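Once you have looked at the hints, place chain B on chain A.
First to last, the protein sequences are chains A and B. For the first sequence, my numbering assigns the number 1 to the initial residue and increments by one for each residue that follows. For the second sequence, my numbering assigns the number 279 to the initial residue and increments by one for each residue that follows.
Since the hints were derived computationally from the structure, they do not count as laboratory data. Source: prediction; values computed, not measured. Where a beta carbon is used, it is the ideal one built from N, C-alpha and C, also for glycine. Fair warning: there could be bad hints in the mix.
Stated by the list, open to error - Taking lysine-lysine pairs in the DSS-like style, the calculated list, with each CA pair at most 30 Å apart, reads: (1) B:318 to B:342; (2) B:318 to A:131; (3) B:318 to A:168.
Claimed, not checked - Derived Cβ-Cβ restraints for the label pairs, each shown as a range: (4) A:138 to B:458: 44 to 54 Å; (5) A:109 to B:460: 37 to 47 Å; (6) B:374 to A:82: 20 to 30 Å; (7) A:172 to B:472: 44 to 54 Å; (8) B:374 to A:112: 26 to 36 Å; (9) B:325 to A:172: 57 to 67 Å.
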Amino acid sequence: MTRTAPQRLVYNEPTWLDTAAAWLLALLWVLPLVYAFWTAFHPAEYSTRFDLTAPLTVDNFRRAWAAAPFARYFLNTTVLVVMILAVQLVLGTLAAFAFARYSFPGRNVAFALVLVQLMIMPDILVVENYKTMARLGLVDTLLAIGLPYFASAFAIFLLRQTFMGIPKELDEAARVEGASAMQVLWRVYVPLARPVYTAFALVSVSFHWNNFLWPLIVTNSQNARPLTVGLQVFSSVDQGVDWSIITAATVMTSAPLLVAFLLFQRQFVQSFMRAGIK
Amino acid sequence: MRQRAIHAWLMLLPALALLVAFTHWPAVSTLVDSFFSTPKGQRPGVWVGLENYQVMAADPVFWKAVRNNLIFASATIPASIGLALVMALWVNERIAGRAFLRMAYFTPTVLPMIAVANIWLFFYTPQYGLLEQITGALGLPSHNWLGSPSTALGAVTVVAIWKEAGFFMIFYLAALQTLNPSLREAAAIEGASRWYFFRRVQWPLLMPTTLFVLVNAFINAFRMVDHLFVLTRGGPDNASILLLYHLYEVGFSFWDTAYASAITVVLVAVLAGIALFQFFVLDKRVHYK
Numbered sequence: 001m002t003r004t005a006p007q008r009l010v011y012n013e014p015t016w017l018d019t020a021a022a023w024l025l026a027l028l029w030v031l032p033l034v035y036a037f038w039t040a041f042h043p044a045e046y047s048t049r050f051d052l053t054a055p056l057t058v059d060n061f062r063r064a065w066a067a068a069p070f071a072r073y074f075l076n077t078t079v080l081v082v083m084i085l086a087v088q089l090v091l092g093t094l095a096a097f098a099f100a101r102y103s104f105p106g107r108n109v110a111f112a113l114v115l116v117q118l119m120i121m122p123d124i125l126v127v128e129n130y131k132t133m134a135r136l137g138l139v140d141t142l143l144a145i146g147l148p149y150f151a152s153a154f155a156i157f158l159l160r161q162t163f164m165g166i167p168k169e170l171d172e173a174a175r176v177e178g179a180s181a182m183q184v185l186w187r188v189y190v191p192l193a194r195p196v197y198t199a200f201a202l203v204s205v206s207f208h209w210n211n212f213l214w215p216l217i218v219t220n221s222q223n224a225r226p227l228t229v230g231l232q233v234f235s236s237v238d239q240g241v242d243w244s245i246i247t248a249a250t251v252m253t254s255a256p257l258l259v260a261f262l263l264f265q266r267q268f269v270q271s272f273m274r275a276g277i278k
Numbered sequence: 279m280r281q282r283a284i285h286a287w288l289m290l291l292p293a294l295a296l297l298v299a300f301t302h303w304p305a306v307s308t309l310v311d312s313f314f315s316t317p318k319g320q321r322p323g324v325w326v327g328l329e330n331y332q333v334m335a336a337d338p339v340f341w342k343a344v345r346n347n348l349i350f351a352s353a354t355i356p357a358s359i360g361l362a363l364v365m366a367l368w369v370n371e372r373i374a375g376r377a378f379l380r381m382a383y384f385t386p387t388v389l390p391m392i393a394v395a396n397i398w399l400f401f402y403t404p405q406y407g408l409l410e411q412i413t414g415a416l417g418l419p420s421h422n423w424l425g426s427p428s429t430a431l432g433a434v435t436v437v438a439i440w441k442e443a444g445f446f447m448i449f450y451l452a453a454l455q456t457l458n459p460s461l462r463e464a465a466a467i468e469g470a471s472r473w474y475f476f477r478r479v480q481w482p483l484l485m486p487t488t489l490f491v492l493v494n495a496f497i498n499a500f501r502m503v504d505h506l507f508v509l510t511r512g513g514p515d516n517a518s519i520l521l522l523y524h525l526y527e528v529g530f531s532f533w534d535t536a537y538a539s540a541i542t543v544v545l546v547a548v549l550a551g552i553a554l555f556q557f558f559v560l561d562k563r564v565h566y567k
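One chain only, chain A, in its complex shape:
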């Protein structure tokens, strides 16, 4: 018995070959990032020369920051991401509660209509949505970027699943105490669903921080341009081939998400997992 136990533990353990291959792949995977950091933090003459004694500098960042209104872009993206998340959570919570705890005529049809957005997302319907924004006079505003994403089928679906898993007894007990539906929702359902809110928030923030095509279409000045569009305009227009500056801007744009990811790695991974499992 004592001899078989350790054997059982090593069963299926990775061999040295697995370990070597896994590391090789991981190094390949981070190589572009390491390369970007190297270029961003070294003077231009070292951008393609790898010399460990090369001096470090933040000059590239300073020049990138001065060359384009990145402060404005950061502000726009932050406001945009917070606005979208807040509206998504409020509307998603209300709709999910209705679907999870009320039976009413038309419920299944309404739910099917919600699920349509999981497949045909706003990213594809840019031509018609642009016309709508033009009609509403909203072109080149942050509101126009956010509007198509305010009602999130994904948020509704995720929260509905969670709410349905909450024991009805808790709900009924609160109602016996005289709590209204909104109080029950706020005091019972929302606190119990907190991990799901965190999960959705991380997914939503990283999606909208990174979103590009729709913001590109619906904005045309720095007043509403988010970071991704600002970066693209910056790197495609007048920088010639000054890679150091472009790379510095690139690192700058990705940094908030990257830092957040490295700090809260476990939550990120678990959130993406939770969001994917229905």
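For chain B alone, kept in the frame of chain A given last:
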């Protein structure tokens, strides 16, 4: 009872109204607009029947985009799913440096595509890009990866696989962690080989995850175009153009919104097809969870 129904509808209303305004209505009106000409100034579009679709059928760039998109999909889907599975199998075991490996695989997922595309652009740059330096050191001839029609599509495909694999890995990892450990013990007692255990136990149990990931990979293959804006702009000579990028060019560079509506209809049809396939075929077959 009636009061509860009214309550429920009131709670649904804001979300549903926005969904109708920005998903259902545009999906329907794009179909309608695809039968009209593009409005010019104050003149509204006139009914032209199938003319936009005839233009589409005669547009070589459209067919190039369709062809490229099919190649792009058939390369990114299996490659990213296969890599994701291998990554998850590794990271699920007690492998040396597991935390680092998981982080390395997943990091591309959280970064903006537009930003990482800039990095890859530098990576692919002729003469002094990193790739050129490596191939140069190995004595291989210089090659303009993004600039030549034969390799541009391949180059943007690699970026897409790199971006996606870590994302799909997460779902496999989650599924692997829910598998019953006694399965592994049973396999060990039976003396099953590692490959046999994967093929007969892990792979079948991972099937629902594979199908979920497959649907997502399919959708992404028709949605992921951000990197084209930085890397190739669909070029050279449309060698790397994808459907959604063509839609963008037609709609917002040439402002031919009627023809762009017709292309949107094609994209919506593709996505709706995937949805129906998932709903009627996959969900019926995968009954265990």
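Consistency of the hints with the structure:
no.	hint	result
1	B:318 to B:342	28 Å, holds
2	B:318 to A:131	14 Å, holds
3	B:318 to A:168	58 Å, violated
4	A:138 to B:458: 44 to 54 Å	53 Å, holds
5	A:109 to B:460: 37 to 47 Å	44 Å, holds
6	B:374 to A:82: 20 to 30 Å	40 Å, violated
7	A:172 to B:472: 44 to 54 Å	51 Å, holds
8	B:374 to A:112: 26 to 36 Å	49 Å, violated
9	B:325 to A:172: 57 to 67 Å	58 Å, holds
The structure shown violates the earlier hints numbered 3, 6, 8.
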